[in-house]
Amino acid sequence: MSENTLEIKDLHVSIEGNEILKGITLTIKSGEFHAVMGPNGTGKSTLAAAIMGHPKFEITKGSIVLNGEDVLDMEVDERARAGLFLAMQYPSEISGVTTSDFLRSSINARREEGDEISLMKFIKEMDGALDELEIDKNMAQRYLNEGFSGGEKKRNEILQLMLLKPAIAILDEIDSGLDIDALKIVSDAVNKVREETGLGCLIITHYQRLLNYIKPDFVHVIMQGRVVKSGGAELAEKLEKEGYEWIKEELGIEDETVGQKA
Amino acid sequence: MTTLTQVPFDNKYIEQFSKEHNEPKWMTTLRLEGLELANSLALPKPDKTNINRWNFTQFKHSAKGEAIASLKDVPEQLKDFVDENNVPENIVILRNQSVAYSALSKELQDKGVVFTDIFTAIKEHEELVKKYYLTDAVTKDEHNLTALHAALMNGGVFVYIPKNVQIDVPLQTLFWQEDNEAALFNHVIVVAEENSSVTYVENYISHNDSEETVSNIIAEVFAHDHAKVSFGAVDHFASGTTSYINRRGVAYNNATIDWALGQMNEGHTVSENVTYLEGNGSNVNARTVTVGRGKQTQNFTAKTVHVGLDTDGQILQRGVLNGRTTAIFNAIGEIDNGATRANAEQESRVLMLSGEARGDANPILLIDEDDVTAGHAASVGRIDDMQLYYLQSRGISKEEAERLIIHGFLAPVVNELPIETIKNQLSQLIEGKVK
Numbered sequence: 000m001s002e003n004t005l006e007i008k009d010l011h012v013s014i015e016g017n018e019i020l021k022g023i024t025l026t027i028k029s030g031e032f033h034a035v036m037g038p039n040g041t042g043k044s045t046l047a048a049a050i051m052g053h054p055k056f057e058i059t060k061g062s063i064v065l066n067g068e069d070v071l072d073m074e075v076d077e078r079a080r081a082g083l084f085l086a087m088q089y090p091s092e093i094s095g096v097t098t099s100d101f102l103r104s105s106i107n108a109r110r111e112e113g114d115e116i117s118l119m120k121f122i123k124e125m126d127g128a129l130d131e132l133e134i135d136k137n138m139a140q141r142y143l144n145e146g147f148s149g150g151e152k153k154r155n156e157i158l159q160l161m162l163l164k165p166a167i168a169i170l171d172e173i174d175s176g177l178d179i180d181a182l183k184i185v186s187d188a189v190n191k192v193r194e195e196t197g198l199g200c201l202i203i204t205h206y207q208r209l210l211n212y213i214k215p216d217f218v219h220v221i222m223q224g225r226v227v228k229s230g231g232a233e234l235a236e237k238l239e240k241e242g243y244e245w246i247k248e249e250l251g252i253e254d255e256t257v258g259q260k261a
Numbered sequence: 000m001t002t003l004t005q006v007p008f009d010n011k012y013i014e015q016f017s018k019e020h021n022e023p024k025w026m027t028t029l030r031l032e033g034l035e036l037a038n039s040l041a042l043p044k045p046d047k048t049n050i051n052r053w054n055f056t057q058f059k060h061s062a063k064g065e066a067i068a069s070l071k072d073v074p075e076q077l078k079d080f081v082d083e084n085n086v087p088e089n090i091v092i093l094r095n096q097s098v099a100y101s102a103l104s105k106e107l108q109d110k111g112v113v114f115t116d117i118f119t120a121i122k123e124h125e126e127l128v129k130k131y132y133l134t135d136a137v138t139k140d141e142h143n144l145t146a147l148h149a150a151l152m153n154g155g156v157f158v159y160i161p162k163n164v165q166i167d168v169p170l171q172t173l174f175w176q177e178d179n180e181a182a183l184f185n186h187v188i189v190v191a192e193e194n195s196s197v198t199y200v201e202n203y204i205s206h207n208d209s210e211e212t213v214s215n216i217i218a219e220v221f222a223h224d225h226a227k228v229s230f231g232a233v234d235h236f237a238s239g240t241t242s243y244i245n246r247r248g249v250a251y252n253n254a255t256i257d258w259a260l261g262q263m264n265e266g267h268t269v270s271e272n273v274t275y276l277e278g279n280g281s282n283v284n285a286r287t288v289t290v291g292r293g294k295q296t297q298n299f300t301a302k303t304v305h306v307g308l309d310t311d312g313q314i315l316q317r318g319v320l321n322g323r324t325t326a327i328f329n330a331i332g333e334i335d336n337g338a339t340r341a342n343a344e345q346e347s348r349v350l351m352l353s354g355e356a357r358g359d360a361n362p363i364l365l366i367d368e369d370d371v372t373a374g375h376a377a378s379v380g381r382i383d384d385m386q387l388y389y390l391q392s393r394g395i396s397k398e399e400a401e402r403l404i405i406h407g408f409l410a411p412v413v414n415e416l417p418i419e420t421i422k423n424q425l426s427q428l429i430e431g432k433v434k
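Chains A and B are the protein sequences, given in the same order.
Its first residue numbered 0, the first sequence is counted upward by one per residue in numbering that gives the first Met the number 0.
Its first residue numbered 0, the second sequence is counted upward by one per residue in numbering that gives the first Met the number 0.
Check the hints yourself; a few may be wrong.
To be verified - So the derived label-pair ranges between C-beta atoms look like this:
| id | chain 1 | residue 1 | chain 2 | residue 2 | range |
| --- | --- | --- | --- | --- | --- |
| 1 | A | T4 | B | E83 | 53 to 61 angstroms |
| 2 | B | E430 | A | N137 | 22 to 30 angstroms |
| 3 | B | N336 | A | D180 | 31 to 39 angstroms |
Everything labelled a hint here was simulated from the structure, so no lab data went into it.
Predicted, not measured: the structure shown is a model, and the values here were computed from it.
We put the beta carbon where it would ideally sit given N, CA and C, even for glycine.
Pulled out of the complex, with its shape left as it was, chain A reads as follows (with noise of 0.2 angstroms):
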């Protein structure tokens, strides 16, 4: 297992000149897992786009390295070949690409031109990810993400992680539109992951439940796009029990939301 570093250090973040993140600063490690907590409309997705690289939104300051890389000068892909890797609140749907084409395609795209994963290593992989996950085989045949539900969408990211192994992923609400069972599912193989692996993890949420299942090592709050609190899983607990009242009360601040217009 090699030892990865993604280093966020005071990111600013702009959507068409609306500044939503104001000076994020964290650092994760490989076997790392953060939870990123928040109300909703404090910039917690936007953290995890712009790491990404999503076209619509401007970095404006600060910085992304990941293993003394600069993430910033990357495009998307070359992002996601070095390591990162981000389970989409809304993945796109796209019709006539199945499932298991773009999986393929995914991860041929870190491997060399002659040396692409042959098709029975690939199928068996698939399979043995497909039922972990508790997946109906013929997901691989559709079209990929389109009429699925959306814990379908959900398992189907979740499968994108087991195949690609990332070295850094960010969950981003990955617990919404699961029931109970399936977030166990998931959650087991986020684990599995962490465990086989060394996965770093960036888990995007605002309901505690999720991290009943996976262990948080740090929390951070996040309101007003900004980082105003951080913790161990302690932190968490007393958020399910409190909300996020105490901390605002705390801080002085009454609107927690950032970029929405008045």
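Given the coordinates of chain A, work out where chain B should sit on it, guided by the hints.
Coordinates of chain B only, in the frame set by chain A:
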């Protein structure tokens, strides 16, 4: 004002050509009538495309080609079309206007299936050909190009499936214009008698990038009561060829016609694909796909004409436009008075890869009956940024992501082609054209 162009062939030439092919009198007469009409009828007027200045008259009319001894060793230009490891049992290859290779399995021969080039069919199955040739689907007097076709027809095949014969292996044709100056006036007739079924797939191939010539293609498909015809095609005329391609079907009671057309010509093309749903309960699935590039202008009209009761007509057009090409997609559902409970759906979608290309999708419904259902959808757009972002976020390069999205966009038509080698060949063509 209509401009008429003089046909560069006279009665004497036509009579001589007909005589060389030992044609019966009716055929010679039909040709001469066609010639006369061609000198008086105007060009067709496809909606939103002006074809008046296109070359439909400059070409060499007659050309011969050598025989091909074995499918195990076809000329280089045909290698992508024939699976050498699993050679087709039923295939006709026309090289220029000569039959280079022709095969029909003993089994199908014994069942009475006819699958032969048009000139042989005129000799050996004269009454059948006469019954269907330019009679109920296309007529010679529609416009200049159908008239010219009647006068100058110089190739084609005739397919006849007797009553109750169901064929599960495809019949394949390769129409290869090896001669760069030769024009192809190709005529295909597919007749499926009552309760029969057949899959037919044709390929048009030429290489004239600089020499100008013409293709004038008519295919007439007849599906009699309870018959099913699957008609696949990949057209790939080179950039020097101006093409008029007319594929028409007539479906009788409870008959089905499925079209899967890969219209991949490199030159100017006007294409129409009309299906008459004459019989009660007849239906058609008309799918077409094109990739335009360079400076070519193309016009694709697909139409379902609902006449019988309880008919169903589906049109699906997909186009990818690159370079400085122009393409118009017209999808027409026509429901005649009395065609009760007809359903007509049209979908035309255009994907633009270049800012200099022009595309237009026009779904049209012409309804003269109350109790019907109909719907249409059309779009002209670019590759979605969010789709690219999603694919790239998995490490797939932008070029590869675009490639996946384009193939996915065309998949609903490509996947319908019934022969694996031809499907692959179409995918390769798409690959080459979107770069």
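**Asked** If you check the beta carbons of T4(A) and E83(B), does the distance land in 53 to 61 angstroms?
**Response** holds (54 angstroms)
**Prompt:** Would you say the C-beta atoms of N336(B) and D180(A) sit inside 31 to 39 angstroms of each other?
**Reply:** violated (57 angstroms)
**Prompt:** In this structure, is the beta-carbon distance linking E430(B) and N137(A) contained in 22 to 30 angstroms?
**Reply:** The hint (22 to 30 angstroms, Cβ to Cβ) holds, given that E430(B) and N137(A) are roughly 28 angstroms apart.
Figure legend: structure checked against the earlier numbered hints; the only hint not met is number 3.
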